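Chains A and B, in that order, are what the protein sequence lines are. Residues 1 to 495 (our numbering) make up the first sequence, in order. Residues 1 to 495 (our numbering) make up the second sequence, in order.
By construction, these hints were calculated from the structure, which means they are not laboratory data. Since this is a predicted model, take the numbers as computed values, not measurements. Quick reminder that beta carbons are idealized off the backbone N, C-alpha and C, glycines included. Please note: incorrect hints may appear among the correct ones.
As the list claims (entries may be wrong) - Chain B regions said to be covered by chain A (calculated; three or more residues, Cβ under 8 Å):
1) 69 to 76
2) 232 to 245
Stated by the list, open to error - The calculated EDC-like cross-link candidates involving lysine to aspartate or glutamate, where the alpha carbons are at most 20 Å apart (straight line), are:
3) A:Lys106 x B:Asp95
4) B:Lys106 x A:Glu333
5) B:Lys66 x A:Asp61
6) A:Lys51 x B:Asp61
7) A:Lys326 x B:Glu27
8) B:Lys326 x A:Glu323
9) B:Lys106 x A:Glu150
10) B:Lys106 x A:Glu108
11) A:Lys133 x B:Glu338
12) A:Lys133 x B:Glu65
13) B:Lys138 x A:Asp67
14) B:Lys138 x B:Asp58
15) B:Lys415 x B:Asp444
16) B:Lys326 x A:Glu455
17) A:Lys66 x B:Asp335
18) A:Lys389 x A:Glu333
2 protein chains.
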Amino acid sequence: MGKEEKIGITVKKDENFSEWYSQVCLEQGAKLVDIRYGVQGFVVHRPWAFKILRRVYDYFDEEVEKDGHQPFLFPTVIPEENLIREKEHAGFAPDVFWVTEAGTEKLERRVALRPTGETAIYPIYALWIRSYKDLPFKGYQSRITVFRNEKTTRPFLRGREFMFYETHDVFATHKEATQQITKDMEIMEEVVRKKLKLPFIFFKRPQWDKFKGADETYASDTLMPDGKRNQMSSTHDLGQKFAKAYQIQIQDENGKEQYPWQTCFGPGIYRIMAALIGIHGDDTGLILPFDVAPTQLIIVPITFSKDQEKTKKVIAKCQQIKEKIKNFGYRVEVDLTENSPGFKFNNWEMLGVPIRIEIGPKEAEEETLTIARRTSREKKKIKIAELEKEIKKSAEILEKEMAEKAEKYFEGKTKETNSKKELIEIMRTYRGFVKVPFCSISSDGEKCADILKEETVGGCVCGIKLENPEKAKKTDKCVICGKEAKHIVYVAKSY
Amino acid sequence: MGKEEKIGITVKKDENFSEWYSQVCLEQGAKLVDIRYGVQGFVVHRPWAFKILRRVYDYFDEEVEKDGHQPFLFPTVIPEENLIREKEHAGFAPDVFWVTEAGTEKLERRVALRPTGETAIYPIYALWIRSYKDLPFKGYQSRITVFRNEKTTRPFLRGREFMFYETHDVFATHKEATQQITKDMEIMEEVVRKKLKLPFIFFKRPQWDKFKGADETYASDTLMPDGKRNQMSSTHDLGQKFAKAYQIQIQDENGKEQYPWQTCFGPGIYRIMAALIGIHGDDTGLILPFDVAPTQLIIVPITFSKDQEKTKKVIAKCQQIKEKIKNFGYRVEVDLTENSPGFKFNNWEMLGVPIRIEIGPKEAEEETLTIARRTSREKKKIKIAELEKEIKKSAEILEKEMAEKAEKYFEGKTKETNSKKELIEIMRTYRGFVKVPFCSISSDGEKCADILKEETVGGCVCGIKLENPEKAKKTDKCVICGKEAKHIVYVAKSY
């Protein structure tokens with residue numbers, strides 16, 4: 001950031017979200033990723049993004065450990081025979097990268113770069129878990145990446161290598177497994193809604209959209225400003241399928257061999273980051289929750305290079321205030337680059353720094369300074385004696401403003417209809433969910449889902465709401481086939 | 001840990017270190033890794049080990065960020081053309097794994113699994129670093145793994161995938177680069193000597209043993225109980241070689257293009273773990289510093305199943321003490337498994353838990369308990385009122401005992417000679433460093449090093465000591481060729 005380079009976003013978020021999103025992520029924006037690495041879909045995560053992502057990882061680590069999960073780390077590669085042992089799950093194989101050579105030699109058996117952890121982890125679980133006394137067994141991997149050969153890629157939405165998180169739990173009964181699904185939802189509430197201020201709905205996915213090899217998939221979806229659903233997490237009820245495929249067996253209290261029940265939970269670190277960018281951001285750039293921001297407060301000296309004496313005083317005051325704020329326990333910086341104050345304001349707003357403090361020659365003389373929140377940008381002159389209290393207050397108001405704005409945004413993004421014609425019409429321009437009566441989310445509904453997708457040019461059946469689900473009336477007919485509608489489902493386009 | 005399985009180490013550390021080490025790492029020991037994953041050299045890091053390793057990572061993160069490094073994350077794969085652009089460094093290519101296929105398709109250009117980060121990172125540095133104002137530029141990657149096709153593999157000593165840490169720094173002058181090398185050494189002192197209580201010596205490596213592509217390599221070596229040197233870190237003075245190969249250029253204050261100077265520092269997370277196991281451990285298992293241990297205190301109820309009333313009281317007391325200790329801010333557990341107290345003692349000693357607390361029926365009645373350190377195992381009855389003070393004191397004594405024992409061990413592991421015959425004789429059975437006069441650590445000394453290696457069956461010239469180096473006397477002759485000795489070098493066998 002030495003020289004005053006051209007930065008800034010040239011499009012409005014509402015007018016061209018896709019371009020806005022790219023600009024925020026890249027060089028001219030918040031420099032979150034570098035896509036010039038030279039291998040498609042493999043990006044460099046730059047410091048500002050990495051620090052935010054690390055914070056999100058830490059939040060989840062804290063919650064899953066509170067819930068009794070133990071951390072571990074499995075290899076990045078998976079033997080081919082593991083990968084295809086669960087029949088439905090074997091469907092992953094066409095998307096995986098294969099390591100086939102080492103040095104100048106061909107490997108005897110090729111290995112895959114993990115597309116997800118089940119097939120690496122469960123053969124080892126079969127060795128570790130032997131008795132009902134070993135249950136429940138809860139493990140997780142954090143700060144890892146996985147690999148899938150996606151056709152199209154976009155920062156934090158779809159990558160060939162992307163940041164991953166996975167918990168893998170084993171229970172003696174299916175009841176405990178379903179309780180874990182609720183627990184996983186609570187973790188999402190705690191981290192994503194409470195800490196990151198992001199709204200979402202939990203869905204039970206249709207059978208045709210579940211995780212390969214699972215009995216059921218539960219997922220949390222939010223909506224991006226372009227109206228596309230963004231799946232921010234999933235928990236899979238694996239039933240006993242993987243236990244049977246990988247021979248995980250326990251001796252029960254009577255000494256009988258039993259297959260246990262499994263679940264796995266994956267908060268989508270990347271997708272959550274995409275939502276953080278897309279939902280909270282504005283025309284100027286990112287907006288970050290106070291606790292998430294790598295730099296929570298930025299101090300900008302308002303100096304006039306003509307008067308060197310005054311400038312010196314201002315800088316000294318900035319440094320002094322910085323030390324003060326550091327001692328309060330916050331992450332704070334002074335911007336001492338040669339850029340103009342206006343450039344600096346733009347730059348730190350682009351990065352989403354929650355609170356800005358301005359100190360000019362007048363403030364340097366008095367015991368005051370100017371404070372502004374990233375959300376409203378409203379400036380306020382305060383006394384230095386009240387700084388700690390004012391920072392706390394500003395942070396609280398900022399987070400409240402963020403949460404309210406996000407919830408309001410999300411609430412306004414659902415329509416409903418029971419006419420196919422109207423659905424098609426709505427989906428042509430609408431950016432959000434459309435609730436419609438639908439015949440079935442079991443496999444017999446897939447045909448209707450395919451038709452729906454085709455006629456709405458990409459509309460997906462997200463599933464049925466898990467909490468306070470809308471119930472189909474007896475008279476409701478499937479919006480596609482006209483047969484009895486068992487459910488009210490949510491439809492949205494998807495990434 | 002449901003049933004009382006057979007655990008415990010069957011050999012003495014001094015008598016058969018190699019076997020002792022394996023047993024501690026595996027199933028019958030502290031369950032640090034699982035080597036039954038099915039791909040040679042790719043191991044599973046189990047929770048106990050992972051928590052220790054994560055702590056070590058955190059220590060380094062804290063220090064390198066204090067020193068101004070920014071975290072980032074680069075892709076796991078490296079384009080082939082990057083990997084071979086620096087001529088000397090291209091020597092890595094024979095050891096790398098290649099990703100050549102995706103799904104059923106052959107990739108247009110194969111990519112390598114990173115063996116180390118330079119060739120992934122520096123082409124991007126060339127885009128980021130443009131002006132002297134961008135310098136110094138300090139970045140790092142933590143919690144990553146790298147891949148090398150090693151012939152033989154051992155837990156934490158040599159793996160085909162292993163845990164990695166790397167900082168990559170760019171400076172305007174060579175002077176600043178050399179100052180960074182000192183700074184990196186200070187970080188090693190802070191983390192490895194102070195926090196982990198591990199002794200080591202800094203060496204300047206001979207030219208033939210430097211990092212491929214570096215001008216000079218500086219490394220910290222410790223000695224394992226089998227006398228083999230264990231390189232725990234290295235800092236490479238890259239000079240301008242990589243800058244030239246990857247076209248990292250800066251505009252200096254006069255607007256002229258210049259190549260900057262680079263260093264990179266890699267604490268060997270795996271090797272540090274090996275030292276932690278090997279140097280601190282004893283015949284019973286691991287011994288961990290108080291701050292490093294995943295569980296710092298274990299409470300063992302001493303119960304007699306016959307008297308259920310008493311047992312209940314003991315358990316209640318244990319829970320109560322656990323909550324108390326938790327509130328002090330320590331990581332504590334109560335062992336409520338059905339195992340015998342003796343089995344429990346063994347198990348937690350195996351895991352290296354620093355402090356054990358025993359509570360029996362008598363302690364449950366009184367306001368007392370028994371406390372013992374993992375180091376001396378000496379038991380002490382203390383009053384509960386003094387618990388916090390006693391834990392603090394025990395932790396301090398334990399860490400002091402660990403540091404003293406390790407330093408004493410290390411000091412006693414260096415001999416010296418100036419006779420080749422004696423060197424060969426010593427190296428036949430001795431487990432440690434041998435100091436000898438040596439002609440040169442520039443490339444002209446390589447021939448002597450090769451002869452030395454052959455005649456001592458594996459002795460390596462580790463280099464010359466960086467701090468308070470022993471100076472060769474004018475009369476000293478190279479222990480191999482008999483020519484003038486420029487240095488006193490350290491010789492040891494190596495992994």
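Coverage of the stretch 232 to 245 of chain B by chain A (three or more Cβ within 8 Å): As far as the stretch 232 to 245 of chain B goes, the hint is violated, because 0 residues have Cβ atoms under 8 Å from chain A.
Restraint check for Lys106 of chain A with Asp95 of chain B, where alpha carbons must lie at most 20 Å apart: holds, 13 Å
Restraint status (C-alpha distance of Lys106 of chain B to Glu150 of chain A at most 20 Å): holds, 15 Å
Straight-line alpha-carbon gap Lys133 of chain A to Glu65 of chain B, limit 20 Å: With a Cα-Cα distance of about 43 Å, the restraint between Lys133 of chain A and Glu65 of chain B is violated, given a limit of 20 Å.
Holds or violated: Lys326 of chain B to Glu455 of chain A, with C-alpha atoms at most 20 Å apart: violated, 60 Å
Hinted pair Lys106 of chain B and Glu333 of chain A, Cα distance within 20 Å: With Cα atoms ~49 Å apart, Lys106 of chain B and Glu333 of chain A exceed 20 Å; violated.
Agreement of Lys326 of chain B and Glu323 of chain A with the hint, judged by alpha carbon distance not exceeding 20 Å: violated, 32 Å
Hinted pair Lys138 of chain B and Asp67 of chain A, Cα distance within 20 Å: The given pair, whose Cα atoms are some 37 Å apart, is violated under the 20 Å limit.
Pair hint Lys389 of chain A and Glu333 of chain A, alpha-carbon separation not exceeding 20 Å: Status holds; Cα separation ~19 Å.
20 Å limit on alpha-carbon distance, applied to hinted pair Lys133 of chain A and Glu338 of chain B: Given pair Lys133 of chain A, Glu338 of chain B holds - Cα atoms ~10 Å apart, limit 20 Å.
Given hint Asp444 of chain B paired with Lys415 of chain B - CA-CA distance at most 20 Å: violated, 25 Å
Claimed coverage, the stretch 69 to 76 of chain B by chain A - three or more beta carbons nearer than 8 Å: holds (count 7)
The structure is inconsistent with the numbered hints 2, 4, 5, 7, 8, 12, 13, 15, 16, although it conforms to all the rest.
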